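Protein chains: 2
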Amino acid sequence: MSMTNEQLRQLLIEGTPEQIQDAIDNIHPADILDIINNSEEDLNIILPKLPNDVIASIIEEEEDEDKYNLLEPFLKERQKAILEEMSDDEIADLIGELEDEKQIKEVLDNLDSENQDNVKQLLSYEPDTAGGLMSTEFISIHSNNTVLETLWYLQKYAEQDAKYYLYVVDKSKVLKGVIALRDIVTSSFGTKIIDITNPNVKTLFYKDDQEEVANRFIKYGFVMMPVVDEENHLIGVVEVDDVMDVMEDETTEDINLLAGVSGEERVDSTVLESFKSRTPWLIVNLFTAVMAAAVVNQFSATIAKVVSLSAIMSIVTGMGGNAGTQSLTILVRGLSLGEIDHSNAFKIFCKEIMVGVLTGVIIGVIVAIGSMFFAGNPYFGLVAGLAMLLNMVAANLAGFIVPVILRKMNIDPALASGVFVTTVTDCLGFFFFLGLATLFLPLLR
Amino acid sequence: MSMTNEQLRQLLIEGTPEQIQDAIDNIHPADILDIINNSEEDLNIILPKLPNDVIASIIEEEEDEDKYNLLEPFLKERQKAILEEMSDDEIADLIGELEDEKQIKEVLDNLDSENQDNVKQLLSYEPDTAGGLMSTEFISIHSNNTVLETLWYLQKYAEQDAKYYLYVVDKSKVLKGVIALRDIVTSSFGTKIIDITNPNVKTLFYKDDQEEVANRFIKYGFVMMPVVDEENHLIGVVEVDDVMDVMEDETTEDINLLAGVSGEERVDSTVLESFKSRTPWLIVNLFTAVMAAAVVNQFSATIAKVVSLSAIMSIVTGMGGNAGTQSLTILVRGLSLGEIDHSNAFKIFCKEIMVGVLTGVIIGVIVAIGSMFFAGNPYFGLVAGLAMLLNMVAANLAGFIVPVILRKMNIDPALASGVFVTTVTDCLGFFFFLGLATLFLPLLR
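Protein chains in written order, with full-length UniProt numbering: chain A, 1 to 445; chain B, 1 to 445.
So that you can see chain A by itself, here it is in the shape it has in the complex (with noise of 0.2 Å):
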């Protein structure tokens, strides 16, 4: 029934323009734009064949910094013909990735005045809040016709804009409620609209931040919500799909984070991207290995009597960073679901405690038995579970005050926790064992 890639890419590199054109209202966009980012060579083949409203929809798939790179080699005139194709909001997209003032002025002078102010609006909105996500194509109605009457409206002015939803509005364009499609078509046509809208509506507010936004969407599960501005006028609507996306490129950014890599890198970064993206933090926690290390130097007189402390300290500060990434990685993910308030913060902190006594008195029990048969000295024993055990209820108390703390600041949790925490724990699990060690010192000898 459907095509092949193969099948597909034959088609668009040895079909006329017209062959193409007939076959092309059942082809996604998506899959065109999958064989033409997979050889430049077809790239070219392809794409100047191709209508200009097909350019415009493969030029909405594409990720927003390449976006321009598909319209850019086409001439003034064609950019232009393409351009009409595309809504506002993705030519505000497109632009909003642009650097270069010329090319900004260039797409912005295709534009008709109508288009080119709507853009400028679209441009206003932060890229990260419901504004900056949202699409204006929307259908708005008045609430006083039925049915048919609606419908007869729809097959006249309507085309792409009707999407899952339609939006009452009063003639302020204040949102008034919503009807969905579903209702349109199910109810007889002699149904008055009013009775078929929902005027409980769910809105969003233009600088809402996206995360928010996604998690509405999720908890709702709405495939569409209308954005609103101070005064409760629709301005805008977003789509689940650019909701996905933002799922998407969020939780990359919180997984990336958390492991020190910039919220940007991607697999096909290139090696210079990479490099930018981890230097840094491999930098910065040069620095914290380094306070790590000055603790240890401060017991060296300890060490040098007791050379096998250097082989079991690194299981003491390595198991409590395990630890503390582990309660670290539950709270930052907590925290950008949105699950954690000030309703069940406590009792979370307090299972972190809990959890951190009783894995470290495993954990710690475990290493204590170890060390004692290594070192022959139950004393050696003693210090090494007794450190251990302390840097495991650090580890977790940790996990959970740094990310909270970060938070409160204001500073995305992801970004710095692990850094913290693991300085935490190395710093304060070589202070416990070597600290202990040297209290102990003339019974490990």
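Keep in mind that the hints were calculated from the coordinates and are not lab data. Here the structure is a predicted model, which means the values were calculated and not measured. Please note that the accuracy of each hint is not assured.
Stated by the list, open to error - Simulated restraints on C-beta separations: (1) 106/A x 263/B: 33 to 41 Å; (2) 112/A x 220/B: 27 to 35 Å; (3) 6/B x 148/A: 34 to 42 Å; (4) 410/A x 51/B: 22 to 30 Å; (5) 126/A x 298/B: 13 to 21 Å; (6) 114/A x 200/B: 47 to 55 Å; (7) 409/B x 80/A: 48 to 56 Å; (8) 291/B x 13/A: 24 to 32 Å; (9) 5/B x 298/A: 22 to 30 Å; (10) 14/B x 144/A: 52 to 60 Å; (11) 263/B x 25/A: 38 to 46 Å; (12) 128/B x 49/A: 38 to 46 Å.
Beta carbons are placed, not taken as given, at the ideal position from N, Cα and C, and that holds for glycine.
Fit chain B to the known structure of chain A by using the hints.
Showing chain B alone in chain A's frame:
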């Protein structure tokens, strides 16, 4: 326009069933769920007062593992009435989480025989596949009608099930095409359905893994996709809200596994759940820490002669661990987003080595200079810098190879990558540093 949560809570607690019935159509069940999940007391007052269809929709909003808790308190007759309002796939989700055979039988006995068969059929699909995710609420039509005839049909028979798309099937239920409701409402009444049908339908196979399902929704931006069996019969649909839940769960799982925590742990897990989730990995980590300690122990003679090695060695292993985690994280995320395949794997491999060499040189030089001044001995610096460089390259190599091999073996790369990679960087780090130190020993003292 929209009620606040507190207003809603007041209404639900103080309102009569009639008052609630009047308001309830426009209230989102997720909001009611929030309120009753916040307080057991509210739950006991509110739930019994609600109409059965609202209780059903609240159960649908609840996490799978807690659905049954909302149904259980009711008497058998009321349970039956609530289940009648639930869709078969939601009932299957509810039953899928039950472990007690008696409970499962009780729920099934409350269904009529047709629904029982449907639910049993749905339970036969793996929960983590398209079949396990799909609902059986969709409208399939034949294509020889006009838009007007289709609207009449929908008004008469559709009610709930007309979501965003209708599906065209032939007499033996083989999927032939898809029609957007949007095209139904914007096409003139005389339009032939066949003319607005897209025959090039993107389908899901019922055995497709849910991660693959999520990636296809993201790629194509759909809100609903049809699920077919081996003979291309339409057997269900997957909706985007379920996919978003999958994305959220899969990411939380990935993030957790990368940190050595079970995929199921959440901030609101109990002490015991968290303990069970974390301890196994801590014990695995303990083994690898012991391996690393064993490497150190091999060189205790060297350390005894140059105690300052013990302060620097943890820098070499720690930095290697950080670099390995960076590279690993980028790879694991790329694998789960389906961004790595045969066509780019080698390129990424080369990039990781290059990044390892570059960061290794930078960090190696800093560590070398620092160590040189610390020990007052240029050879000490040389040993530390060289070990650092070697370990950084090894770290990036391991960060690439480990997840790729795990994926080849069909093990979730997020699951165990971290442990393997830090084992490599710890053991090799100590080995490189202390081994070189032993070679250069005469020059270090």
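Here is what the structure says about each hint:
{"no.": "1", "hint": "106/A x 263/B: 33 to 41 Å", "verdict": "violated, 49 Å"}
{"no.": "2", "hint": "112/A x 220/B: 27 to 35 Å", "verdict": "holds, 31 Å"}
{"no.": "3", "hint": "6/B x 148/A: 34 to 42 Å", "verdict": "holds, 41 Å"}
{"no.": "4", "hint": "410/A x 51/B: 22 to 30 Å", "verdict": "violated, 43 Å"}
{"no.": "5", "hint": "126/A x 298/B: 13 to 21 Å", "verdict": "violated, 57 Å"}
{"no.": "6", "hint": "114/A x 200/B: 47 to 55 Å", "verdict": "violated, 35 Å"}
{"no.": "7", "hint": "409/B x 80/A: 48 to 56 Å", "verdict": "holds, 53 Å"}
{"no.": "8", "hint": "291/B x 13/A: 24 to 32 Å", "verdict": "violated, 55 Å"}
{"no.": "9", "hint": "5/B x 298/A: 22 to 30 Å", "verdict": "violated, 55 Å"}
{"no.": "10", "hint": "14/B x 144/A: 52 to 60 Å", "verdict": "violated, 34 Å"}
{"no.": "11", "hint": "263/B x 25/A: 38 to 46 Å", "verdict": "holds, 42 Å"}
{"no.": "12", "hint": "128/B x 49/A: 38 to 46 Å", "verdict": "holds, 42 Å"}
Figure legend: structure checked against the earlier numbered hints; hints not met, in rising order: 1, 4, 5, 6, 8, 9 and 10.
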